[in-house]
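The listed protein sequences derive, respectively, from chains A and B. Letter 85 of the first sequence, counting from 1, is numbered 85 in our numbering, and no numbers are missing. Letter 232 of the second sequence, counting from 1, is numbered 232 in our numbering, and no numbers are missing.
No wet-lab data here; the hints were simulated from the structure. Just to be clear, a hint being listed does not mean it is correct.
What the hints assert, rightly or not - Okay, the calculated bits of chain B under chain A, using three or more residues with CB under 8 Å as the criterion: (1) 112 to 125; (2) 138 to 147; (3) 192 to 203; (4) 233 to 246.
For glycine and all other residues, C-beta sits at the position ideal for the given N, C-alpha and C.
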Amino acid sequence: MGEWSPARVWRSRVYRYRLIAGRCRSCGRAHYPPANACPYCGSRDLDEVELPRVGRLVSYSVVYATPFEDRDRSPVVIGLIDLGAARLVAEVVDVKPGDLRVGDRVEAVFRRIAVDGNTGLIVYGIKFRPVRVG
Amino acid sequence: MVYVTGVGLVNVDRHYDKSTRRLAFEASTAALESSMAEGVDFIVVASSISYLHEPQLDLASYIASSMGLRGVRSITVECGEASGLAAVMTAKALIDSGRASRVLVVGVDKLSEHPSWRVYRNLSLLYDTESDAFYSIGLGGIAGLLMRLYMNVYNVDRLTLAYWPALMHQNAKANPYAMLRFAITPEKVLEAQPVAEPLTLLDTFPLGDGAAALVLEGKASRGALAEIVDVESATGYQSIALSDDPLKIESLEVAYGRLVERTGMGSVDVVELHDSFTITGILILETLRFTERGKAAEAVAQGVFSVGGEGPVVNPSGGLKARGHPIGATGVYQVAEVALQLAGEFPGLKVDGARSGLVVSINAMGSSSYVAYMRAVG
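Here chain A stands alone, though its shape is the one from the complex (with noise of 0.2 Å):
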């Protein structure tokens, strides 16, 4: 991200920290982040749905291109989340890349995004993490 400005964070704390979906009353379909209206039909008969904290990764990417503030914790794991009832893009922690293969269980854990020194702000999100076997 580029700026993080306080009110922005603020705003989005509920559904960032708990996955809330948006969820269409018309088609049925969710999606992650809530929008304005249904990315699919369009409607703005909306409510909301908690996501399953447990999902399998679709694809990933090891990035080593990351921004200066990201460089200490470089690379970077980026991937695509099917959690059933939507699919997103997170970050993937706690595992070596090389141990990572398409298809593996992750579950969602509460970590620190961003530091902005400037203005003191601390950004908080989830991310993921392989689901430990046994």
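Starting from the known structure of chain A, arrange chain B on it as the hints suggest.
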């Protein structure tokens, strides 16, 4: 009817000594001189990342003033990586509606202005900041995971996908406006440093500065290079995560369908398309149905899209990969290159006898897509 009557190109490179305005001026002057136009009604400026790299709001009016066009009508168009073709669409609408008879379109952006880590952060803003770009996707995070998905779904190996950048580098060798004018082997692509695995540095565009300009007119003057028959566009999903089929660029499929319907266009001789990453180029070829799904990389390796192949010839300029990709300027470069091909005047790899052309420009992985159909004059 809208005709390209003049083009001006600045070679894509690291122009540390030139400002955004200077680059725009050089391209514009060249375009106006080549068209022999006297005065323009409108200047439409395409620029995107300049707002972050050499910050200036209301850019078009400052560019117009700095090149001495006092009193001209001006407007800035920002549509991310698709800004250039969106500006051409805007200019064409001004001419079609009768509001203007001659329009200068200039696209300009600089990527060498800051250290690469800052450029990576700013480029991630081309993606949706409320979803994908909330995370540190850097340069190519989304393209990388699409590439892995493509390889898994269609069982295509990494080396086959490396024939795309090799072809782009081969094509760019003769293009005096290209940033990377040297050949590479497909094997070299795999050995390059990883950017967003599985894609490497040689699957991405170089960080360069550039400007390109066009003079567009409603009448075919004697020196007209080509006709822009129509430009179409469509918006798409804000994230690949919302798509049931992320290996198809839905906004492009819609825009291209509209273009075909409006113009009745059939096959074309030359295409300039948006290969911001190897996988982007491959997905565009398949979305346009130039090959079956999952077969485009193999077709590229077999020379289908090279000069002398079954065609069409794709990216004789070297594409974003090797010509370069100064974000908001790229669509203007593409239209200029196709116009020169159709006039038989392209100074690099020529497509002999080309009569029709297609330009494809998209933002990110298809938040929006723009397509233009062009024809030779006469």
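Q. So which of the earlier hints does this model not fit?
A. none
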